[in-house]
Amino acid sequence: MRLPTRHLLGIENLHPRDISALLDLAESYALLNRSGKTRRDVLRGRTLINLFFEDSTRTRTSFELAGKRLGADVINMSVSTSSVSKGETLLDTAATLNAMNCDLLVVRHKASGAPALLAQKVDAAVINAGDGMHEHPTQALLDALTIRRHKGTLEGLTIAICGDIAHSRVARSNILLLIAMGSQVRVVGPPTLIPSGIEQFGVSVFHDMREGLRDADIVMALRLQTERMSGGMIPSAREFFTFYGLDAAKLAVAKPDALVMHPGPMNRGVEIDSQVADDMTRSVIREQVEMGVAVRMAVLDVLARTALRNA
Amino acid sequence: MRDTLITGARIIDPASGHDAIGDCLIRGGMIADFAGALGRPADAMVVDGTECILCPGLVDGRASLGEPGFEYRETIASAALAASAGGITTIAVLPDNAPPTDDPALVRALASAGEASGRITIAPYGAATRGCRGESIAEYGLLRAAGAIAFSDGARAIGPAGLMRRALSYARGFGAMIVQHPEEPSLAAGGAATSGARATLMGLPGIPVCAEAMMVARDITLVELTGGAVHFAHVSTGAALDLIRAAKARGLAVSCDTAPPYFDLNETAIGDFRTYAKLSPPLRSENDRLAVVAALADGTIDAIVSDHQPRDADDKRLPFAEAAPGGAGLATLLAITLAQVQSGTLTLHTALSLLTDRPARRFGLDAGRIVKGGTADLCLFAPERSWRIEAGKLPGKAQNTPFDGRAVEGVVIGTWKAGVRVFG
Chain X
1 MRLPTRHLLG IENLHPRDIS ALLDLAESYA LLNRSGKTRR DVLRGRTLIN
51 LFFEDSTRTR TSFELAGKRL GADVINMSVS TSSVSKGETL LDTAATLNAM
101 NCDLLVVRHK ASGAPALLAQ KVDAAVINAG DGMHEHPTQA LLDALTIRRH
151 KGTLEGLTIA ICGDIAHSRV ARSNILLLIA MGSQVRVVGP PTLIPSGIEQ
201 FGVSVFHDMR EGLRDADIVM ALRLQTERMS GGMIPSAREF FTFYGLDAAK
251 LAVAKPDALV MHPGPMNRGV EIDSQVADDM TRSVIREQVE MGVAVRMAVL
301 DVLARTALRN A
Chain Y
1 MRDTLITGAR IIDPASGHDA IGDCLIRGGM IADFAGALGR PADAMVVDGT
51 ECILCPGLVD GRASLGEPGF EYRETIASAA LAASAGGITT IAVLPDNAPP
101 TDDPALVRAL ASAGEASGRI TIAPYGAATR GCRGESIAEY GLLRAAGAIA
151 FSDGARAIGP AGLMRRALSY ARGFGAMIVQ HPEEPSLAAG GAATSGARAT
201 LMGLPGIPVC AEAMMVARDI TLVELTGGAV HFAHVSTGAA LDLIRAAKAR
251 GLAVSCDTAP PYFDLNETAI GDFRTYAKLS PPLRSENDRL AVVAALADGT
301 IDAIVSDHQP RDADDKRLPF AEAAPGGAGL ATLLAITLAQ VQSGTLTLHT
351 ALSLLTDRPA RRFGLDAGRI VKGGTADLCL FAPERSWRIE AGKLPGKAQN
401 TPFDGRAVEG VVIGTWKAGV RVFG
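For the record, the sequence lines run as chains X and Y.
FYI, full-length UniProt numbering numbers position 68 of the first sequence as 68, with every residue one higher than the one before it.
FYI, full-length UniProt numbering numbers position 220 of the second sequence as 220, with every residue one higher than the one before it.
Isolated chain X, as found in the complex (with noise of 0.2 Å):
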C-alpha cells in the first residue's frame, strides 16, 4: 500500500481504506514481534529522527523501537539537548535535519500544525507525534488497532471517548478515525471540557457520564492535563473525579464486556480508578502500548515504501 500522502500529518486526510491498509500491516506487525522475530530489511540503512519538543517517554520509545525493529538508524533529539531551547527556530531546525539526510522524521511539538510547517520544508516524511490540541495519528490507529483485535470490527460499535476533550488531540484523531470507519462515537466530559462545534464531527455530547456510558462498547478516559485545573476549566481534581473519573460503578452501565482504554500516562484516581485501570478482565491499556509499537512499525514501513515510489 502508499498512503496519499508522503507525509502522517493527521488522520484527516486519510481514507477508511488507507485506514484499513494501515491496520491490517500492523496487525502483521503484532503477530511479528510476538513471534520474537524483526525485521531489520525493510528500513535498513534509512534514518529516522525522533524530534520531540515535548516531553514523552511512551511514544518515543514507542517509535524508536518500531524503528530498530525494522533496521533503521533511529536518533532520538529531545529539547533539552537540541539547540531548539537557545531560540533556533523550528525551520531552521528544519534546514539542519534536512541537511542530515534524515528520511523519517517524527516530530511532537507543543504547537498545534508544527509538524504541517515542518513538513513544508524538510525532504523526509513527516510523522506527527502529537501536536498541540490538532491530532495524534498514530495514538488513533493504536486504539483502532486494539479494538479491531478484541471486536472484530470497528464499524456499528459505540464508543464513548472521556474527559478533557477540548485539549486532546488523541480525542481528535480518534474521532475522526471512528467516525469514519462507521462508530458511534460520545463524547462525555463537562461542557468546559468539551470544544466548541465537536457535534460537527458527528458525535453525540454527553455531560452526565452514565448517560455516556450506558451500553458502550469501548470506554476511553483522557489524561486530564493538571493545568486545565489551574486555568479553572474544573474546580478540583476531586470534583472531576466524582463526575467524570472512570470508576467500577459508572462503568458498569456499559456493556458487561467494554474494554477500558487510556492513551497514558494515567493518573490514578482523577480521570481513572486503580480498580479499573488494572482489571486485566476489562482494560487493555497495555495492550494499546503494545500495539503502538505494531502500529508505528506499519506507519514507518508504508512511508518509506511511500518516499520510494516518489523518488
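Some hints here could point you the wrong way.
Facing chain Y, according to a computed beta carbon distance under 8 Å, are these residues of chain X, among others [as the list claims (entries may be wrong)]:
no., residue
1, A116
2, P195
3, I198
Taking lysine-lysine and the DSSO-like style, the derived pairs with C-alpha atoms no more than 27 Å apart in a straight line are [said to hold, decoys possible]:
no., chain 1, residue 1, chain 2, residue 2
4, Y, K397, X, K121
5, X, K68, X, K110
6, X, K151, X, K255
7, Y, K316, Y, K393
8, X, K121, X, K110
9, X, K121, Y, K393
10, X, K110, Y, K316
11, X, K121, X, K68
12, Y, K316, X, K121
13, X, K37, X, K68
14, X, K250, X, K151
15, Y, K316, Y, K397
These aren't lab readings, by the way, just hints derived from the structure by calculation.
Yeah, the Cβ is synthetic: ideal placement off N, Cα and C, and Gly gets one too.
Since the structure of chain X is provided, determine the placement of chain Y on it from the hints.
Just chain Y now, kept in the frame of chain X:
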C-alpha cells in the same frame, strides 16, 4: 510643473454623484477642471484614460506602517510605494508603533514623514491611552491640536469599561471619536481562530464569535452614557453589525469600518495552517461574511479600510497559534473591493464611496473628492483588466497577503498625489 490632461476616462466622484466620461486637467497640483471634453493646453502631458475609471485617490481609514519601531516589517517609504500602487493617497495611521503615537511631536513627525514621501498624506491616529497600554487616557487635546484625527489603541481593545467611559467622555470635549478594536479581551486571550468546528478540528484555541458583539454592545451603552462618539474598526460579525445598525437608527454617534478579508474570505482560508490568513479579528464563518457584505450594501458600514498590518516571514513562518496576526492590505484594497461590484453585491458608486469620501468624512479629512480647485489626489484604474495577487510580488515590503494566489480584476493605471504622478 507641466499640466496633465487625463482624457476620455469615466470620471466618478461618489460624493457629488458625478459620473460621466470626460477629461480632467491637473494644473499646479490642483484639479483645474473636469468636463466632457477639455481643450488640450500646450505642453500638457496627456494620459489616455479610455476604458478607465478616474476616481478620487483612495482614503484608507486604518493601516499600520511599521514605522517607527518595526522597520523590518515595513517603512513609511515602502508602505507609500504600496499605497501608490493601490491608488491610495491618504492613510489614517494607527498609533501602536514603538514608540506609540501618544505625544504631539510624534503626531507631527508622522504627518511630515507622509509629506516627505511625496506619495501619501498621513493622517495619524493618536493613542487612546498613554503608551497604548490601556491604563490611563492620553492627552487628547494636545494630540488633536497636533493633528490626530481620532483616538485608538490600534490592534488592542480598550478593555476596562471604566477606562472606555472616560475616554469617550473626555474625547467628546475635543469633538473627537474613539476608535475601538471591538473584542472582549478576556474572551479573546490566547485565541488564534474563531471558536467552532474549524478551530476545534485544527486544535487551535478559539475566540468565541460573540467577543465582538459583546464589546460593541458595551461601547454603545457607554456612548449613550457619555454622549461621546465611537467608531468600531474592522467589524466582522453579523451580531455586531446588527447592534451598530440599531444604534445608528437611534441616532447615536456610532460608526464602523471593515476590511477586505472580512467580506472576501471566510475561516476556511486558514486551512492547512495558513498563517497569512491569521488575522485579528480572526476570519469568520460564511454567514458572518455574508452579513458584512449586506452591511456594506445597506450603509451600516461607513468605510472599507485596508487594515494593513505588515509582517515579515519570521512573524509568520511559525506554528499557527504562535504566528503574528495581520495581513498586508494596501495594494489589494481596491481590487478586492471591486470584486463585490463584479459579483453584483455592491454598486460601483457605493464601493468607491466606501473607499473615498465616506471615510474622509468620518475621519474629518479634506480628501476623497474630485472638485474643481481641489487638490489633485486621483486614482485611474482599468476595472476590467485582471491580475493575480501573489505574495512575494506585491509592491512595498510587506508580503503577508491573505489573498495569495487570488485572481482579481481592477488594475491601477495611475495615481496622482497633489498633481504629481506617483504611480504608473
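How the hints compare with the structure:
1. A116: With a closest approach of 5 Å, the A116/X hint holds.
2. P195: Check passed: Cβ of P195/X comes within 4 Å of chain Y, closer than 8 Å.
3. I198: For I198/X, the interface hint holds, since the closest Cβ of chain Y sits about 6 Å away, which is under 8 Å.
4. K397/Y x K121/X: Satisfied, since the Cα-Cα distance of roughly 23 Å is no more than 27 Å.
5. K68/X x K110/X: holds, 26 Å
6. K151/X x K255/X: Answer holds: K151/X to K255/X is near 13 Å, not above 27 Å.
7. K316/Y x K393/Y: holds, 17 Å
8. K121/X x K110/X: OK: K121/X and K110/X at ~19 Å, within 27 Å.
9. K121/X x K393/Y: Within the cut-off at roughly 21 Å; holds.
10. K110/X x K316/Y: Judged against 27 Å, a Cα distance of about 17 Å means the pair holds.
11. K121/X x K68/X: With a Cα-Cα distance of about 26 Å, the restraint between K121/X and K68/X holds, given a limit of 27 Å.
12. K316/Y x K121/X: holds, 14 Å
13. K37/X x K68/X: At roughly 12 Å apart (the allowed maximum being 27 Å), K68/X and K37/X satisfy the hint.
14. K250/X x K151/X: This hinted pair holds, its Cα atoms lying about 21 Å apart.
15. K316/Y x K397/Y: Holds. K316/Y to K397/Y sits at ~14 Å (cutoff 27 Å).
When the structure is compared with the earlier hints, no violation turns up for any of them.
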